[in-house]
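Participant: Based on the sequences and whatever the hints tell you, model everything.
Take the position in the sequence shown, starting the count at 1, then add 90; the result is the number in the numbering used here.
Heads up, some of the hints might be wrong.
As the list claims (entries may be wrong) - The calculated lysine to aspartate or glutamate pairs, modelled on DMTMM-like cross-linking and capped at a C-alpha distance of 20 Å, are: (1) K175 - D229; (2) K181 - D229; (3) K175 - E338; (4) K181 - E338.
As the list claims (entries may be wrong) - What follows is a set of in silico ranges between Cβ atoms, one per label pair, in the way DEER data are often shown: (5) I92 - W199: 39 to 49 Å; (6) L93 - S148: 34 to 44 Å; (7) L203 - I169: 45 to 55 Å; (8) S301 - N176: 52 to 62 Å; (9) A260 - N176: 31 to 41 Å; (10) I207 - P236: 44 to 54 Å; (11) V149 - S301: 36 to 46 Å; (12) R237 - V185: 21 to 31 Å; (13) M272 - D229: 23 to 33 Å; (14) R334 - E248: 24 to 34 Å.
Think of the hints as simulated: they come from the structure by calculation, not from any bench. These numbers were taken from a predicted model, which means no experiment stands behind them. Every residue, glycine too, gets a C-beta built ideally from N, C-alpha and C.
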Amino acid sequence: SILLIRHLTRTTNPLIDITLLRNPTFSTVVTVNGLSMFLYLGVLFYLSQYLQVVAGYSVSQSALLMFPGLVIVVVSTLITGRIMKNHSTKKLLLVALAGAFSGCALLGWGAHLEHGIILAFGFALLNFSLGIIDPISNDYILASAPRDRAGAAASLSETGYELGAAFGTAILGSILMAVYGMSLNRMGLDSLPQAARESISVAHELGLSPSILERVDVAFSHGVVASSAAAALAAAVMAGFVSRYVREDS
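Facilitator: And the structure:
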């Protein structure tokens, strides 16, 4: 990593011009762009699995619960393209991050109650908010970069997107599985087969007794709540950075 950064800062035409990140406003917006994928793929990591395995919905029912969220992200993106001329980047990003925070909080609450409608609403609110972030952040990134470095700015935007997706799955997934494992231990299920500790789906395929499966489901729910809380915290922290580093007239 050190050698790569050294190369990128010294070469004449770097593949990724990280010197653009020296501008705190620019780097904040790039990070918000990456956060959108962090939250989206991080939530997708567990939502469909939770709905089918723990909450007991069929594949079709789970798809119907998630479908509004997948459609609304397109709608919010189209709406944002029309309203962003009349509102500042800072204002729209703060509104979007507030919505993302609320959506993640609803996902955690829905998992705690095992309530599919709350989960669907939380997912829809999260996706609506992420649909606002994408056009705003990408427009700002390209518009704020010098004309001769627009391509470099676009590559940074895409890199942030990909890193956000990877970190979302890795970090939120790791939090979920860590809390799931700790909850199993607290419930006296430390002797559960390793395969069941690594996958809630496998646990349901091992022919365990209903009483044990019930505790396994509760443990996984704890993991989903913790992961959703971490996602909400990430949105809140990012809102703080936007409030501080992005100007009102941006």
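Participant: Taking the hints in turn, state whether each one holds.
Facilitator: Status of each hint after checking the structure:
Proximity of K175 to D229 is assessed by CA-CA distance (about 11 Å); at most 20 Å being required, the pair is judged to hold. Using a Cα cut-off of 20 Å, the hinted pair K181 and D229 holds, with the two alpha carbons roughly 15 Å apart. A C-alpha spacing of about 14 Å is found between K175 and E338, which places the hinted pair at or below 20 Å, so the restraint holds. Distance check on the hinted pair: K181 and E338 sit about 7 Å apart at the alpha-carbon level, within 20 Å; holds.
For the pair I92 and W199, the beta carbons lie near 43 Å from each other, so the given range of 39 to 49 Å is met. L93 and S148 have their C-beta atoms about 51 Å apart, which leaves the hinted 34 to 44 Å range violated. Between L203 and I169 the beta carbons are some 30 Å apart, a value that contradicts the proposed interval 45 to 55 Å. Checking the proposed 52 to 62 Å range against S301 and N176 shows it holds: the Cβ atoms sit about 58 Å from each other.
A hinted range of 31 to 41 Å holds for the C-beta pair A260 and N176, which are about 38 Å apart. In this structure the hint that I207 and P236 lie 44 to 54 Å apart at CB holds, the actual value being about 49 Å. Take V149 and S301: their Cβ atoms lie about 26 Å apart, and the range 36 to 46 Å is violated. Our hint of 21 to 31 Å for R237 and V185 holds, since their Cβ atoms are close to 30 Å apart.
Look at M272 against D229: about 43 Å separates their beta carbons, and that is not inside 23 to 33 Å. Separation of R334 from E248 is about 25 Å and conforms to the stated range, judged on CB atoms against 24 to 34 Å.
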